[in-house]
Structures are given as structure tokens and as C-alpha cells.
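There are 2 protein chains.
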Amino acid sequence: MISKRLTGPVLYIANAEEEADILYRTGFSAPGKLVFLEERNGKRHLIVSDLEFKRAQRVASECHIWRLTDFELFGKPVSSLAGSALALINRLKLKKVNVSRTFPYGCASILIDNGVELVIHDKPFYRQREIKSESEIRLIRQSQRAANDAMLAAWRLIKSAEIGKKKLLFVNGTQLTSDLVRAEINKTLLDHNCVGTGTIVACGSQAADPHESGYGPLYANESIVIDIFPRHDRHGYWGDLTRTFVRGKASPALRKMYNAVYAAQKAALSRIRHGAIIRSVHMACEEEFERRGLETESGEGFIHSTGHGLGLEIHENPTLSSSGDKLRAGNVITVEPGLYYHATGGIRIEDVVLVTDTGYRYIAGLKNFFEI
Amino acid sequence: MISKRLTGPVLYIANAEEEADILYRTGFSAPGKLVFLEERNGKRHLIVSDLEFKRAQRVASECHIWRLTDFELFGKPVSSLAGSALALINRLKLKKVNVSRTFPYGCASILIDNGVELVIHDKPFYRQREIKSESEIRLIRQSQRAANDAMLAAWRLIKSAEIGKKKLLFVNGTQLTSDLVRAEINKTLLDHNCVGTGTIVACGSQAADPHESGYGPLYANESIVIDIFPRHDRHGYWGDLTRTFVRGKASPALRKMYNAVYAAQKAALSRIRHGAIIRSVHMACEEEFERRGLETESGEGFIHSTGHGLGLEIHENPTLSSSGDKLRAGNVITVEPGLYYHATGGIRIEDVVLVTDTGYRYIAGLKNFFEI
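These protein sequence lines map, in sequence, to chains A and B.
Here the first sequence is numbered in my numbering, starting from 812 and rising by one per residue.
Here the second sequence is numbered in my numbering, starting from 812 and rising by one per residue.
These are computed hints drawn from the structure, not numbers from a lab.
Mixed in with the good hints, there may be bad ones.
Pairs involving identical chains hold if they fit within one copy or between any two copies, as the list cannot separate such chains.
With a Cα cut of at most 27 Å, we get these calculated DSS-like pairs of lysine-lysine [unchecked claim]:
#1 Lys-865 - Lys-1067
#2 Lys-907 - Lys-1178
#3 Lys-844 - Lys-934
#4 Lys-934 - Lys-887
#5 Lys-998 - Lys-854
#6 Lys-978 - Lys-1137
#7 Lys-998 - Lys-934
#8 Lys-854 - Lys-865
#9 Lys-998 - Lys-970
#10 Lys-854 - Lys-978
#11 Lys-970 - Lys-1067
#12 Lys-1137 - Lys-854
#13 Lys-844 - Lys-970
#14 Lys-934 - Lys-906
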């Protein structure tokens, strides 16, 4: 089922916290860089600092753990990760290794200068990452439930706000801001051992920019986009959830956008199943918006993809846009159509689902809200 | 004063959130990769996606902001960041650009194949980052104060614990764990708009591993190393603070270690001033430990450097180990000697100071604790 297989060893020199493939294949994470090498037969090697050696042995028990100081080159102890990688490659008598496009050029130069052939291989290196195991689904669910709880905390806080002069919101006399709601969300995530970085609480025209995390006061009768994407502090799997609230009453234009996004998500979901062409899921959203006369042009409208895979990375394969590839049972994906118009605001609704043979299942369902 | 200057343009293709140089020179941060190019005359360029274009124009007002879609190559619109970087390099008639060792090898290949000469330049590209301005010091102080507050919250929580059977700790009948203390710390950080990732609360033998973040129950009469390193969610500057607590009574061996670490930090601090040789600061700690018969061997003892620069990265220049370089007024550095013995536990004390012409100043002082 997995079509593109690697035909040689894989080499990473990277930060295990930033390179999900290393975490996936070793279970080990550490601040700072390390060397990961997987032989064609699946034998895995990690080269770490003395400081990390014992912990790596304990955590990455299926890997051969080396110390940087285990290696010599040209009769001298090696002092760099690239040097240790070269020494390991020599010891294993490898001529050629696969690296990703992100492989550090400085290390690449050293290896190439010493006769190693580097083959740039397009990610994903481990296509099996796209098909989640039962235990992976359980871990993603933990993070998604954390997001649900945090969304409910935000909902309670915004719902409890009084509408004051100039449509400002107040809770117990304190003016409600993006920062206050974000703090409430991120604190709730911590109760689930999850960390929220970049949590979006964006109101009014800010909500019309999908990457604006939001600042300043929140207002009644405007859309407030809340996008929560927690990462579990222990195992590193992500959740991802978006709801859009209006405290008070939405304008007819906003209401029309909300109805369209809600319908677009339903339409996209209805096409999800094992074997579905990804493009058709994305087009379900586009068609819904077109039918309702909600146009996309000059950076406004439906300006992003319908969703993305979720796992050890917040964005991983498959991406739900105009690809001709097929969804596969075991994919865990977000479905998150949105509409953005600077004059009106932004609306996005996002849920995470597991693709099944016959359709989809919510990873951790949460009801929808709009006017509260 | 700044000795090593770049003699040509600088090119980054990187995630602005991960590459502090880009944040330093643009003020702009975004999830995902972008192109940053600085010409020799200081003129700066950013290439971002359509989605980020308006925000980048607003935030990075000193830079020329390009859209990916602004570029053509060989008569076709470019679709990749490397392609857009190549088109920009051609437009500016550059032949040679400086890149860091971490520059992505995939992008490097494309540029080299199209006749661009890449010069690998050792970081730091911007040595001025080592000398903090008044406004940078103010931002670091915000994060350091957040760490102080969070440490006091942890102190209160651990101090309030009852010592139960098997030396377990209980607060209001709930067993006190690393996770509970960490959640208390990270929540307090959020009240300061700071994010704590990797916060260390490590007890007993876990504390003897400086990179173990800690898990499971906390115990009386054992050392509990608490290392808090918050990053400010808005401006990205870090704080860094470590204290070591014992709830109850420390063994004579632990007490001896604590006294030694405390004295080592004092000795190191006493050598800090503009012009001090970095090695001599690190040696002050080593000598203090040697004098007290606390040896370093086979992964135990004083097994890390004395400290590191702090700013837009948690670890930046200068590193306080055996370098012959000199400290300079305006350096902001941690001073964090520690001792680690598996049979006894770990002790680390860490503060952040500003190097001045005549000595040092705490960025945000906090008293010391030990037995509580």
C-alpha cells in the first residue's frame, strides 16, 4: 500500500524536537541537535552528547546509542555532529545516504567532501506516518480533548461577558482582550499536559487574516475566531480545533458567511472515506462557496486549503487541497474551511477526523457555536 | 568592537519562528518558512506567502516585502521558496551570498545548480546580537520576572506540602508530582504572556540528569531541581532561572553539594566584568568544586558549562566554558553551575546577569532557597 519506499539508509542531523521523523522512529526527544541514522534493514542509530547518553539508552531502547566521544576521524576524536556522522557512515561502510531537503548544508559539505554521496529525498521518509495506529489515535485524542476543554473555557468566558460602551466586552469589570482569553485557553491546556503556542483569538478585521493570533480588546457583534492547537508535552502529538463565536448578534453578512462555512464543512465531510480523491473534498468547499456567491479573489474569500494531516507535526501529509491523491483509512485530518473578508471579518470551523473505510469518525467531537 | 563582519549579502530560507536572526533583523515571525535576504548595504528583503503579505508589510516595515507570486523564473511563475530566492538574487544581480551551516541542502542545490555561489559563514551573522540594547534588556527582564513569579509559585506549592508515608508529598490530600508543579509554573508564566516548554521539575535521581524534565511523585528530603525558561509570546525574548529545593531536610551530602554550587556561582560572578576572559569565569566554578573535593568524572560532577548568552535564543553567544574570548559590557548571560551525582541527586542554581564595565547586574534578582 505504501508506494514510495526508500531504497537506502536515512540520515538526519537535526533537533529531535523539530524533526518528527526522529521522534517517530526513536521515541527520543532532546533539546539540541543529534544524529539519527537508519540502515536499510531498519537498524537505527542515535549519536548524542554525553549528557543525553543514559536517557537516550533508556528511552530509545530499540536504537544503538552512541556518544559523540565514541568516534575518531583520521586518528583524532571527533568534535562535531557532522564528523561523528561521517565516522559512523564509514564504520557501517555506507557509500550513499538519503537526506531531506532540510538537511543542513554545512554538514552536507563535510560529508560530500569526504566522499559520501547524499541523495536528496522528498519527504515523507516514513509514509507509514500517514496511517495512524490505534495507540497514535489515542494520543491525538488526548490533545484534541484538551483543545475541546480549552474551547469550552473560552466559550464560558466570552459568553459571560457584559457588553459595554463602544461594544467592548467586560467580565467582572475587566475589559476582555484576546490575551485574557488566550491565557484562559492555554491554562486549560496545561491541565491536560498540553502546551498551546500561537493560540489564535482574533476579532473583527483581525479575524480576516488567518495567521493573525490576535491582540487588543474583543468586541460584541464581531466574529471572534479561536484556533487552538495544543501539543502534548509528553508524547508530542497535536490536536487542532477552531470555532468562531459572536458575542451578541452577527450582521447578516457574517451570518451568511457562517452558514456557508458550516455547510462547506458538512459537504467536505460527506466526501471523506478511504479512496476518496483529495481534490474532490477540497472542491466540495469551493463549490459550496461559489453556489452562495461568496467569491475568492485578491486575498479574500476561501484562501487556504481545506485541511491537513495531524500527528507528530501540526501540518503533515496529506494536505487537503487540489491533489489527485487518495485519502486512506487511518489518515487523521483536519477539515477546516474558512472565509475571510476584511470588511466583515473571518469565519473558520475546524474539526479533526479519522478516515475510515466507509467515511470518517470524529477524533473528539465538539458541538458548534456561533452567536453566544 | 565587533570584530568579524560579514562582507556580503546574507540569505536565509528558514522558519522565522526558529531562526532568531530573521526575527532580530525584521521583527517578523510567522509559522512556516520564508526567505530573508539582507544586502551588504543593510537593505532587507522578505519573501512571504500571499497569506502573510499584509501582516509582513505592517510588522516588518523596514523590509521590502515580496510575495512568492511576484517572481518568475525562465518565463514561469515560481512555486518554491528556493525558486523565489533565486529570482530575487538574479534581480539584485548578486553572484555570491552568505548562508549558515543550517541552510537547507535542498535549497542550496537549486541555487548552486543555477550559478549562485554559496559561502558558508559561521554564526553568529549578527554579532551585535551579543550586545543587548536597553530595550532588549527590558524585554528579557519581562521574561525573567515571569520566571521569578513562577518559581515563587512552585516554592509556595512545595513548601505547603505535607510529608506523608514513604516521604511522599501531599497538598490538600493530593499527591504532589512533577506534573502538578510544572502546571503551576507554566500557568503562572501565562499570566505574563510567556510560554514555558520543557520546564524542569526533577526530583531525586532524576535531578542528577540535567536534561530530564521530571515525572512522577516528588519526595521529601530529596533535591528538586526546578529550571524555568519562559519565552515571551509577543516579542520572543527568553528568561532562564533555576533553583533547587529540598522539602524537609537535606542529607549532609546534598547540603555539601548545595553549599559548593552556591559558592561556585558567587566565585563565577565575582569574575564577571567587561573584558574578563570567559575561561576564567568557568574555571572559578571548577576550582571551587575541586577545592571541596567534588570531582567530575564519568558523567558525574560538574558536567556542563557555567552558562550561556540569553536573548532571542535560549542558548546564544557567548558560551561560558573554556573559551579564551572576553566578556563584553552588554552581554546578558546565565550563571548556572551545577553538580550531579546519581547516588545523591542534583543541585543547580541559575541567575541571569548583565555584564557591565565594572562587574554585573542581575536582570531580575530572586533570593535563594534550599530547605523549605
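Tested hints:
Taking the closest pair of Cα atoms, Lys-865 and Lys-1067 come within 27 Å of each other only across two copies (25 Å); inside a single copy the shortest separation is 58 Å, beyond that limit. Proximity of Lys-907 and Lys-1178 under a CA criterion of 27 Å is satisfied in neither setting, with 52 Å inside one chain copy and 55 Å between copies. For the homomeric pair Lys-844 and Lys-934, the shortest alpha-carbon distances inside one copy (20 Å) and between copies (16 Å) are both at most 27 Å. Within a single copy, Lys-934 and Lys-887 get their C-alpha atoms only as close as 35 Å, which misses the 27 Å cut-off; across copies the closest is 25 Å, which meets it.
For a Cα distance limit of 27 Å, the shortest separation of Lys-998 from Lys-854 qualifies neither inside one copy, at 41 Å, nor across copies, at 41 Å. Taking the shortest alpha-carbon separations for Lys-978 and Lys-1137, neither the intra-copy value of 47 Å nor the inter-copy value of 57 Å comes in at or below 27 Å. Taking the closest pair of Cα atoms, Lys-998 and Lys-934 never come within 27 Å of each other, the shortest separation being 35 Å inside a single copy and 36 Å across copies. For a Cα distance limit of 27 Å, the shortest separation of Lys-854 from Lys-865 inside one copy, 19 Å, qualifies, whereas the shortest one across copies, 48 Å, does not.
Taking the shortest Cα distances, Lys-998 and Lys-970 sit within 27 Å of each other both inside one copy (18 Å) and across copies (23 Å). Proximity of Lys-854 and Lys-978 under a CA criterion of 27 Å is satisfied in neither setting, with 62 Å inside one chain copy and 43 Å between copies. In this homomeric assembly, Lys-970 and Lys-1067 come within 27 Å of each other (Cα to Cα) only inside a single copy, at 22 Å, whereas the closest approach across copies is 56 Å. Within a single copy, Lys-1137 and Lys-854 get their C-alpha atoms no closer than 31 Å, and across copies no closer than 45 Å, so neither meets the 27 Å cut-off.
Neither within a single protomer nor between protomers do Lys-844 and Lys-970 lie at most 27 Å apart by alpha-carbon distance, with minima of 45 Å and 37 Å respectively. Taking the closest pair of Cα atoms, Lys-934 and Lys-906 come within 27 Å of each other only inside a single copy of the chain (21 Å); across copies the shortest separation is 30 Å, beyond that limit.
Checked against the numbered hints listed earlier, the structure breaks hints 2, 5, 6, 7, 10, 12 and 13; every other hint is satisfied.
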